[in-house]
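Given only the sequences and the hints, what does the whole structure look like? Please build it.
Residue strings, one per chain:
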Amino acid sequence: MEIRLRYFGQLQEATGKSEEVLKEAFDTIGSLRNFLIQRYPQLKNRNFKIAQDNKIDMDSSPLNGSLIDLLPPFSGG
Amino acid sequence: MEIRLRYFGQLQEATGKSEEVLKEAFDTIGSLRNFLIQRYPQLKNRNFKIAQDNKIDMDSSPLNGSLIDLLPPFSGG
Amino acid sequence: MEHKIKNIFVEGAIAPSKIAESIGHHQSKTEIGAHNIFLGQVRADEIGGKKVNAIEYTAQTEIANQVCHEIREAAFSKYDLSCMHIYHSLGVVKTGEICFFVFVSSPHRGPVFDSLSEIVNEIKDKLPIFGKELFEDQSHQWKVNQ
Amino acid sequence: MEHKIKNIFVEGAIAPSKIAESIGHHQSKTEIGAHNIFLGQVRADEIGGKKVNAIEYTAQTEIANQVCHEIREAAFSKYDLSCMHIYHSLGVVKTGEICFFVFVSSPHRGPVFDSLSEIVNEIKDKLPIFGKELFEDQSHQWKVNQ
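Residue numbers (our numbering), protein chains in the order written: chain Z, 1 to 77; chain V, 1 to 77; chain L, 1 to 146; chain A, 1 to 146.
Quick caveat, the hints were computed from the structure, so don't treat them as lab data. Ideal Cβ positions, reconstructed from N, Cα and C, are used throughout, including at glycine. Take these hints with a grain of salt, some might be off.
[Said to hold, decoys possible] Label-pair distances were calculated between CB atoms; the ranges are:
{"no.": "1", "chain 1": "A", "residue 1": "Lys18", "chain 2": "L", "residue 2": "Glu70", "range": "34 to 42 angstroms"}
{"no.": "2", "chain 1": "Z", "residue 1": "Met58", "chain 2": "A", "residue 2": "Val10", "range": "29 to 37 angstroms"}
{"no.": "3", "chain 1": "V", "residue 1": "Pro73", "chain 2": "L", "residue 2": "Gly49", "range": "44 to 52 angstroms"}
{"no.": "4", "chain 1": "L", "residue 1": "Ala74", "chain 2": "V", "residue 2": "Glu13", "range": "48 to 56 angstroms"}
[Said to hold, decoys possible] Distance condition first, Cα-Cα at most 27 angstroms in a straight line; then the derived DSS-like pairs of lysine-lysine:
{"no.": "5", "chain 1": "L", "residue 1": "Lys126", "chain 2": "L", "residue 2": "Lys94"}
{"no.": "6", "chain 1": "L", "residue 1": "Lys124", "chain 2": "A", "residue 2": "Lys6"}
{"no.": "7", "chain 1": "L", "residue 1": "Lys132", "chain 2": "A", "residue 2": "Lys124"}
{"no.": "8", "chain 1": "L", "residue 1": "Lys29", "chain 2": "A", "residue 2": "Lys50"}
{"no.": "9", "chain 1": "V", "residue 1": "Lys17", "chain 2": "L", "residue 2": "Lys124"}
{"no.": "10", "chain 1": "L", "residue 1": "Lys51", "chain 2": "V", "residue 2": "Lys55"}
{"no.": "11", "chain 1": "Z", "residue 1": "Lys55", "chain 2": "A", "residue 2": "Lys126"}
{"no.": "12", "chain 1": "L", "residue 1": "Lys18", "chain 2": "L", "residue 2": "Lys124"}
{"no.": "13", "chain 1": "A", "residue 1": "Lys124", "chain 2": "A", "residue 2": "Lys6"}
{"no.": "14", "chain 1": "Z", "residue 1": "Lys55", "chain 2": "A", "residue 2": "Lys132"}
{"no.": "15", "chain 1": "Z", "residue 1": "Lys17", "chain 2": "Z", "residue 2": "Lys44"}
{"no.": "16", "chain 1": "L", "residue 1": "Lys29", "chain 2": "L", "residue 2": "Lys18"}
{"no.": "17", "chain 1": "Z", "residue 1": "Lys17", "chain 2": "A", "residue 2": "Lys29"}
{"no.": "18", "chain 1": "A", "residue 1": "Lys50", "chain 2": "Z", "residue 2": "Lys55"}
{"no.": "19", "chain 1": "A", "residue 1": "Lys29", "chain 2": "L", "residue 2": "Lys94"}
{"no.": "20", "chain 1": "A", "residue 1": "Lys124", "chain 2": "Z", "residue 2": "Lys55"}
{"no.": "21", "chain 1": "L", "residue 1": "Lys51", "chain 2": "L", "residue 2": "Lys124"}
{"no.": "22", "chain 1": "A", "residue 1": "Lys29", "chain 2": "Z", "residue 2": "Lys55"}
{"no.": "23", "chain 1": "V", "residue 1": "Lys55", "chain 2": "L", "residue 2": "Lys6"}
{"no.": "24", "chain 1": "V", "residue 1": "Lys44", "chain 2": "L", "residue 2": "Lys18"}
{"no.": "25", "chain 1": "L", "residue 1": "Lys51", "chain 2": "A", "residue 2": "Lys50"}
{"no.": "26", "chain 1": "A", "residue 1": "Lys126", "chain 2": "Z", "residue 2": "Lys44"}
{"no.": "27", "chain 1": "V", "residue 1": "Lys55", "chain 2": "V", "residue 2": "Lys17"}
{"no.": "28", "chain 1": "Z", "residue 1": "Lys49", "chain 2": "A", "residue 2": "Lys6"}
So, in structure tokens, the structure goes:
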């Protein structure tokens, strides 16, 4: 299964991408996070939340969504 | 010294007057209050504040103003 | 901070367009980050089977403006506020119309939230303003604040 | 109470006339006695000698609207509110312009004061909205909420 990854806000600048498609499989959200930090060392000390299929989820949750969003700290208002 | 008395809100209805001039002398605000309650028995169980010369004052204060306002409970807003 | 005593009273209802105008005047004050606005609207309360149609407001305006000035100055010295605007209707205001407008602004949201309810409560408690609730059948009763 | 998920986002700044329009729509709701409005305005902060000219907002709008819906429903069940309206800008909003509008109404003032700051704080904390502060010299930094 492919997953579509979208980067928001400052994470677009950090990775130089707004989105990409991954063909790798990940058992949990946390393992995707580790994969991404290895691929983009600039993400290492960043604080970001991960959502799958439009729901923010914990690192311990199984990754079974097809749309993954990387969300830096919120600053609305 | 004359004093000018103004009645506000429901006190106009209670006394049937919006204002009047008194020629009597009163030592304190409280003695004016007692005088008015005798004159207008409808004021007896009413809760009202008294201001002299545009300042709300206590019953124990000497009455030395020339403009006296009788103010029923406030209900702005 | 020292401010002049302002007249808070306006004749009749406060139009939404007046509120918009007041908001618009703050666009040049670029140190402001947060506005908080309270609006009092006349309710069609039903009392003993009769419906309120309007409230007619009267006031001892000299005292009301003076006391409001003191409330304003106290709020400016207690909270980090950039601006404060207060208006109250006199005369008849129909149900659904706005009779009371308090507007505070600050660089940050904390001070506007902390100050607004305090200012509104003080104004309702301390200003000699008198509301006469007018019913559909031409009868009336005197409004009581809770 | 059950409500549909609404889209809170509008393109660009929120005009004062839009706020007036929203206030005016409540004149027919004669059970309302109190409105409370929060407005967020873009500040011309000076950071390291450079002045903010505008904020550019982006968001994960699907999640933001869903989370906002949950905040809204929670507030309706916790407080006696008649209406609630929430809008947030996307795209560029210049300093002095309004980017955030939260409007609550109730028969009495207690519930509007109690609920508004809570709703505003929750929205700022929980909605995936991202502000990019644009400086005069075309450089930028990412906004951090305190």
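* Asked: How does the Cβ-Cβ distance of Met58(Z) and Val10(A) compare with 29 to 37 angstroms: does it lie in that range?
  -> 32 angstroms, holds
* Keeping to a limit of 27 angstroms between CA atoms, is the pair of Lys50(A) and Lys55(Z) held or broken? -> Violated, because 37 angstroms separates the two Cα atoms, which is more than 27 angstroms.
* Between Lys51(L) and Lys50(A), is the straight-line Cα distance small enough, at 27 angstroms or below? -> 59 angstroms, violated
* Is Lys124(L) within 27 angstroms of Lys6(A), Cα to Cα? -> It is violated: about 35 angstroms lies between the C-alpha atoms, which goes past 27 angstroms.
* Asked: Is it true that the CA of Lys55(Z) sits at most 27 angstroms from the CA of Lys126(A)?
  -> 12 angstroms, holds
* To do: Starting from Lys29(A), check that the Cα of Lys94(L) is at most 27 angstroms away, please.
  => This hinted pair holds, its Cα atoms lying about 12 angstroms apart.
* **Hinted pair Lys29(L) and Lys50(A), Cα distance within 27 angstroms** => Given that 27 angstroms is the threshold and the Cα spacing comes to 18 angstroms, the pair holds.
* Is the hinted pair Lys51(L) and Lys124(L) satisfied, with a Cα-Cα distance of at most 27 angstroms? -> 23 angstroms, holds
* To do: Go ahead and decide if the range 48 to 56 angstroms is satisfied by the Cβ distance of Ala74(L) to Glu13(V).
  => Violated, at about 34 angstroms.
* Given the proposed pairing of Lys124(A) with Lys6(A), does the C-alpha separation stay at or below 27 angstroms? -> 17 angstroms, holds
* Verify the proposed pairing of Lys55(Z) with Lys132(A), using a straight-line Cα cut of 27 angstroms. => Cα-Cα ~23 angstroms, so holds.
* To do: Would you check the hint for Lys51(L) and Lys55(V), treating anything up to 27 angstroms between C-alpha atoms as holding?
  => 36 angstroms, violated
Checked against the numbered hints above, the structure violates hints 3, 4, 6, 7, 10, 17, 18, 22, 24, 25; every other hint is satisfied.
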